[in-house]
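Novice: These are the residues of each chain, in order.
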Amino acid sequence: MSEDFRPDPRLTEEESPEDLDAEIRFHLEERVRELQEAGWSEPAARREALRRFGDVHGTRAAMAREDRMWRWKMGWTRWTGGLGADLKVAARQWRKRPGAGMIALLTLALGIGATTSIFSLVDGILLRPPPYPAPDRLAVIWSDWTERGGPEREWFGYPELHDLRTQVAAFEEVGIWTDPTVTLTGRGDARQLVAMVATEGTLSRVLRLTPAQGRFFTPEEDVPDGPPTVVVSWEFWQTTLGGDPEILGQSLILNGEPQEIIGVLPRGFLAPFGPSRRAEVWMTPGIAPNGNGRGNASWRAVGRMTPGTTIEQANEELRGFIAGLREIYPEAYVGKTPVAWEMRDDVVRGARKALDLLFGAVLVVLLLASVNVANLLLARNTLRQSELAVRAALGAGRRRIVRQLFVETGLLVLSGGLAGVALGWLGTRILVALAPAGTPRIESVALDGRVLGFAVVVTLLTTLLTGLLPASRAGRRDLRDALVGSGRDPGADRRGIRLRGVLVAGQVGLAVTLIAMAGLIGRSFSALRAVDLGFDPSDVLTFQLSFPGEAYGDPEERAAFQDRIAERLGALPGVRTAGGISNLPLNNANGDVGYTIEGRPLPEPGEGKAIWFRRVASQYMVAMDLRLVAGRGIEPTDVRGTPPVIVINETMARIDFPGENPIGQRINLGDPADPLWFEIVGIAADVRNFDIRDDWREAGYVANGQFPGRVINFTLEVEEGIDPTSLVPGIRSAVSEMDAGLAVTAVRPMTELVDSALGPDRFLAVLLAGFALLALTLAVVGLYGVVSYAVTSRLREVGVRIALGAEAGRIRRLVVVRGMVPVATGIAVGVLLTIGASRLVTSVVYGVAPLDAVSLGGTVVLLVLTAATAAAVPAIRASRVDPIQVLRDD
Amino acid sequence: MTETNLALLKGTVDLLVLAALDAGEPLHGYAIAQWIGRVTGGALLLEEGTLYPALHRMRRQGLISAEWGVSENNRRARFYRLTAAGRERRSQGASDWARYASAVSAALQGGGAGE
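In order, the protein sequence lines correspond to chains W and C.
Position in the first sequence counted from 1, then plus 14, gives you the working numbering.
Position in the second sequence counted from 1, then plus 63, gives you the working numbering.
Hints were generated in silico from the structure; no laboratory data involved.
Just so you know, not all the hints are guaranteed correct.
[Claimed, not checked] Partner residues aside, some chain C positions facing chain W, computed with beta carbon under 7 Å:
| hint | residue |
| --- | --- |
| 1 | Glu111 |
| 2 | His119 |
| 3 | Ala140 |
[To be verified] With the C-beta cut set under 7 Å, the calculated list includes, among others, these residues of chain W facing chain C:
| hint | residue |
| --- | --- |
| 4 | Asp35 |
| 5 | Glu37 |
| 6 | His41 |
| 7 | Arg66 |
| 8 | Gly68 |
| 9 | Thr73 |
| 10 | Met77 |
| 11 | Trp169 |
All of these numbers come straight from a predicted model, not from anything done at the bench.
Using N, Cα and C, we set each Cβ at its ideal position, and we do this for glycine too.
Let's have the full structure, built from the sequences with the hints guiding it.
Specialist: The structure is reproduced here in structure tokens:
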């Protein structure tokens with residue numbers, strides 16, 4: 015119980031074994047010398063010296079043992095004598111007034127828990143490097159088409175990637191791949207697999223992959239007519255292939271061709287991005303690098319930079335590379351520039367803003383929680399000032415009392431921190447479950463050691479915030495102050511209330527900002543939900559069929575067969591109409607094709623325009639309620655042999671044919687030198703094809719009957735009141751009756767696609783709403799605490815007023831008005847903060863101004879009302895005070 | 064050598080060390096052992112090794128302090144000296160011991176010293 019916190023020098027000074035040895039050696043040698051001087055022979059003298067000394071090893075061991083015991087005992091005495099006693103007192107204190115303790119504990123748990131779980135999310139998605147060796151040197155290479163008005167992240171043609179790989183020195187290796195689907199047959203039901211088709215055997219080297227079994231492709235294997243080989247994923251091997259240990263050398267039938275299994279990927283491996291992340295099979299394309307397709311968009315690339323190369327240097331070199339290619343192939347690369355992104359940045363580009371916003375929100379909540387706890391402790395210690403004064407009078411030093419308070423806070427923070435970590439673990443799991451499908455790297459989100467470390471830091475910060483503030487005030491306390499007037503010092507009370515008022519104002523300000531932001535994001539989300547999609551997703555079921563291989567080689571037969579399937583599906587009970595389309599809207603599928611208009615001059619190279627281009631089959635337009643504005647839709651009679659037709663959208667009609675009737679005009683979707691003319695037969699309403707937020711752009715529908723695709727997404731409009739998924743078994747049997755080799759995949763209601771397109775916005779809106787609610791609760795708890803403390807400490811004054819005849823209503827008003835002063839200040843601060851913060855969310859919101867009067871006004875009204883309610887409760891209590899009781903108590 | 068040496072009673076080593084250092088001269092462990100042997104005329108059987116744990120313990124109790132220095136024949140040795148607390152304990156211990164010793168010897172000689 016020493017007041018002296020400096021370590022005792024005798025405790026910290028260690029007896030070093032070297033010193034001890036030296037001392038013992040000195041002793042023995044002195045004895046030997048003396049004995050020799052007395053005429054002993056050296057060996058005899060040594061023996062005698064040792065005999066007299068006794069057990070050398072035993073002595074040393076005894077000393078070391080005693081050392082340990084001593085240190086342990088001293089430490090224990092200090093620990094139990096100091097901390098142990100403090101802890102006991104602290105626990106008693108908290109038990110005595112459990113209310114404040116519980117609120118503080120819950121507040122901390124919520125604050126830390128929310129912070130921990132969001133940090134886990136941010137950490138997993140943003141901060142953790144990609145899961146490959148030496149991830150800093152990995153770069154994703156995109157073809158940037160923004161110069162020609164195209165997307166920022168397009169793919170490449172194979173020939174230029176082959177050139178890039180062999181010519182750009184900034185990359186020691188470049189992996190090139192694409193991700194088609196293939197059909198697996200011969201192993202149970204036919205089904206579609208996501209394939210990773212990687213060329214030149216380099217991707218595994220870029221990612222530094224080691225196979226779990228067997229090997230990867232060699233560059234020599236990836237040639238036209240090379241050996242048909244396949245590498246399978248560990249998971250595919252375990253499930254579909256039953257984990258057969260003798261799997262190498264067996265064959266898989268993919269798209270009707272047998273392929274030899276030569277390797278198995280490591281367990282849990284994930285490719286960088288895209289559908290091939292979880293590819294079940296890896297194959298080689300077996301195509302020549304100098305083939306067709308320069309400037310196409312069908313291949314992806316990821317490079318490993320040479321050590322020491324920065325991403326800027328890589329991009330510099332890429333610009334030089336493309337300039338060189340443009341000289342050789344002037345037409346192919348107009349407005350297309352390869353741009354490398356560090357893989358870590360690339361994967362999360364889209365999610366960054368939203369996560370920043372969430373992180374900001376969570377820090378605000380943590381701050382609110384800390385302030386609340388500080389407020390509670392402050393009030394509590396003020397109420398305890400007479401007790402502390404008595405302790406001081408009984409001889410407890412100031413340092414001792416501060417330490418006691420600190421331990422009390424520490425106990426609270428520790429238990430709050432533990433509860434918070436538990437809550438954080440739970441919260442992380444909930445967040446992962448809530449996260450929209452396709453959130454990048456969501457699988458790496460978990461509560462891990464680093465996250466726990468963050469929580470600990472947060473806890474320590476909270477301890478400082480909450481522990482030091484009351485401690486510093488308690489430390490100032492002196493006995494006279496505290497004991498005069500039965501432990502009530504009006505001056506100190508007033509100072510405390512003022513400080514707490516400032517804290518409440520700060521809380522209200524932060525809460526206003528957070529709630530206004532949440533309101534803004536919520537309004538933005540409902541604006542997104544209300545967007546006119548251009549089609550009606552309700553009562554529509556979709557699924558995909560692929561028609562690969564030689565069996566469907568003849569386009570005419572394929573188209574006829576696809577039509578027969580649609581007819582058959584349309585006749586199923588519960589189905590109104592059936593149709594199909596090459597790519598569903600909102601399915602993240604690109605599909606641009608360049609076009610020219612008949613009778614107009616050809617555009618300059620690179621200035622050509624492109625449309626979203628879809629093949630539609632059968633009754634697609636009817637099933638999706640795609641509105642026709644003029645002319646006719648694609649009809650079943652548009653088959654091969656009849657002149658090609660196209661239905662364009664309103665935007666295209668407006669942009670390309672202002673003041674003209676487009677119907678009857680022709681556009682060319684082929685090479686300008688070898689035109690393929692389509693007659694415009696109708697105009698359809700605009701549809702959100704790629705992203706709900708996208709602006710309208712030119713789109714066109716051609717007849718699948720005339721240009722049959724290999725993949726059709728069927729769309730069935732079901733009768734109202736029928737659960738679309740209940741039709742799935744009927745659909746499967748109908749399809750397999752037509753051809754048992756066809757695999758029905760990606761079955762889902764169209765509404766689900768719309769939902770998942772809204773997913774990220776919903777996630778953000780729901781989370782922010784949760785935080786806003788938390789912030790509001792914390793601010794209200796804080797305010798309630800302050801007002802009710804003010805009432806308690808002024809009971810005497812209130813009693814006097816009532817005794818002098820003040821009406822209850824007047825008392826209530828007085829208390830509420832006083833309570834609302836910090837609220838009003840806080841709201842003003844909050845409005846200013848919101849105005850400042852609104853600039854940060856510009857790119858996140860949709861259909862609402864970033865500084866939105868409705869959400870801000872609503873927030874202010876909400877806060878005024880809740881705050882007034884929180885103040886009203888103690889106010890009513892004050893007005894019911896029995897003056898006689900209060901005055902007598904004093 | 065006829066063994067009439069006496070085994071040391073527990074706690075006696077501490078007292079002997081305090082006595083050895085009482086002259087004020089800092090001594091190393093060997094010199095302390097020699098001093099004990101000399102003043103007791105070899106009557107006490109001191110296993111010299113037990114000296115060092117005692118020195119260590121007393122140092123930690125703050126009775127003596129230690130410092131490395133150079134011995135008469137120029138070798139590195141640790142020298143001990145009494146602290147103020149050690150001097151106090153020395154005088155306290157000496158008088159305690161005297162009362163204890165006389166009580167014990169009285170009991171042993173007197174037998175029926177009921178006079």
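Novice: For every hint, state whether the structure bears it out.
Specialist: Do the hints match the structure? See the list:
Taking 7 Å as the C-beta contact cut-off toward chain W, the hint placing Glu111(C) at the interface holds, the least distance being around 5 Å. Because the beta carbon of His119(C) sits about 6 Å from the nearest beta carbon in chain W, less than 7 Å, this interface hint is met. Because the smallest distance between the Cβ of Ala140(C) and any Cβ of chain W comes to about 5 Å, under 7 Å, the interface hint for this residue holds. The beta carbon of Asp35(W) is not positioned within 7 Å of any beta carbon in chain C (closest approach about 11 Å), and the interface hint is therefore violated.
Taking 7 Å as the C-beta contact cut-off toward chain C, the hint placing Glu37(W) at the interface holds, the least distance being around 5 Å. Hint on His41(W) holds. Least Cβ distance to chain C is approximately 5 Å, under the 7 Å limit. Because the beta carbon of Arg66(W) sits about 5 Å from the nearest beta carbon in chain C, less than 7 Å, this interface hint is met. Checking Gly68(W) against chain C by beta carbon gives a least distance of about 4 Å; that is within 7 Å, so the hint holds.
A distance limit of 7 Å between C-beta atoms decides the matter here; for Thr73(W) the minimum to chain C is near 4 Å, and the interface restraint holds. Below 7 Å, beta-carbon pairs count as interface contacts, and Met77(W) has one with chain C at about 5 Å; its hint therefore holds. The interface hint given for Trp169(W) is broken, as the beta carbon of that residue sits about 76 Å from the closest beta carbon of chain C, more than 7 Å.
Hints 4 and 11 from the earlier list are contradicted by this structure; the remaining hints agree with it.
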